[in-house]
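**Q** Listed below are the residues making up each chain.
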Amino acid sequence: MDFAGEILVVVALTAGGIFGLVGSLGLLKLDNPMARLHAPTKASTLGVGSVLVASVLYAAFFGGRASVHEILIMIFLFMTAPVSANFIAKAHLHRHVKGQDLPPAEPDSHWAHVGDDGDEDGPENG
Amino acid sequence: MITFALTFAMGCFATGLLLCLFRVIRGPGISDRILALDTMVVNAIALLVLYGMRSGTQIYFESAVLIAMLGFVSTVAYARFVLRGNIIE
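Residue numbers (my numbering), protein chains in the order written: chain A, 1 to 126; chain B, 1001 to 1089.
Chain A extracted, bound-state conformation:
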């Protein structure tokens, strides 16, 4: 039983480390900002997730206790990572992409970083 637990923890730790490293490496190597957004928001989150799973397994197998903190951190990270990625993408679109270069939005709708009137500065800037 202990050996199986050790195997599980080691596999989760190794996968977590590799995913985290791939996320940061993608942040370094990819060549345009929207592509760079992909690597950390997915791979790094998955890496931290499997490190937290490893921590839960470690506490369950060797500490003899059920650990809730890791679950909390995991829920929080998995909920907030897409939100912050969306914010960063909006900031990038606002700063670096002109309004007429964007593909057309749905009818009766507009891009979220542009104001209601299609004004690039936003509805109430300052």
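Think of the hints as simulated: they come from the structure by calculation, not from any bench.
Among the clues, some could well be false.
[Said to hold, decoys possible] Computed beta-carbon distance windows for the label pairs: (1) B/A1077 - A/N32: 19 to 27 Å; (2) A/H38 - B/F1004: 26 to 34 Å; (3) A/D108 - B/L1021: 41 to 49 Å.
[As the list claims (entries may be wrong)] Computed footprint of chain B on chain A, listed as stretches where at least three residues anywhere in the stretch have a Cβ under 8 Å from a Cβ of chain B: (4) 8 to 20; (5) 24 to 34; (6) 46 to 55; (7) 62 to 72; (8) 75 to 83; (9) 91 to 99.
Only a predicted model underlies this, so the values are computations on that prediction, with no experimental measurement involved.
Ideal placement from N, C-alpha and C gives every residue a C-beta, glycine not left out.
Use these hints to put chain B onto chain A, whose structure you have.
**A** Quick look at chain B alone, frame taken from chain A:
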């Protein structure tokens, strides 16, 4: 065996922190810098959890929760400042 895996994972996340730091320093746009800082927060959480596993105490998980919350709030504040020129309107 777990000690080796812990060292390996800590090495991976520490290297990731360095790569993110490079992107913070170089990064051509401001959104790259925000993204790199956000990734640094994520890597720091992973390092803290790994260090907590190694030292066998619970206290590092509390600080990991704190850093996760502060990291999200600061990323949103930074992106919002770039987006709107103001954080709380």
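**Q** With a Cβ-Cβ cutoff of 8 Å, does the segment 8 to 20 of chain A contain at least three residues near chain B?
**A** The restraint on the segment 8 to 20 of chain A holds, since 8 of its residues have a Cβ under 8 Å from chain B and three suffice.
**Q** If I claimed the Cβ atoms of B/A1077 and A/N32 lie 19 to 27 Å apart, would that claim hold in this structure?
**A** 25 Å, holds
**Q** Using the Cβ atoms, figure out if A/D108 sits within 41 to 49 Å of B/L1021.
**A** Holds, at about 45 Å.
**Q** Verify the coverage statement for the segment 75 to 83 of chain A against chain B, using a C-beta to C-beta distance below 8 Å and requiring 3 or more qualifying residues.
**A** The restraint on the segment 75 to 83 of chain A holds, since 5 of its residues have a Cβ under 8 Å from chain B and three suffice.
**Q** Using C-beta distances, would you say chain B covers the segment 46 to 55 of chain A, given that this needs three or more residues below 8 Å?
**A** Holds, because 6 residues of the segment 46 to 55 of chain A bring their Cβ atoms closer than 8 Å to Cβ atoms of chain B.
**Q** State whether the coverage of the segment 91 to 99 of chain A by chain B holds or is violated, taking the criterion as 3 or more residues with Cβ-Cβ distances under 8 Å.
**A** holds (count 5)
**Q** Taking a Cβ-to-Cβ distance below 8 Å as contact, does the segment 62 to 72 of chain A have at least three residues touching chain B?
**A** As far as the segment 62 to 72 of chain A goes, the hint holds, because 5 residues have Cβ atoms under 8 Å from chain B.
**Q** Under 8 Å between beta-carbons, do enough residues of the segment 24 to 34 of chain A, three at least, approach chain B for the coverage claim to hold?
**A** holds (count 5)
**Q** That 26 to 34 Å hint for A/H38 and B/F1004 (C-beta), does it hold up?
**A** Once the Cβ atoms are compared, 31 Å apart, the range 26 to 34 Å for B/F1004 and A/H38 holds.
Hint violations for this structure: none, all hints satisfied.
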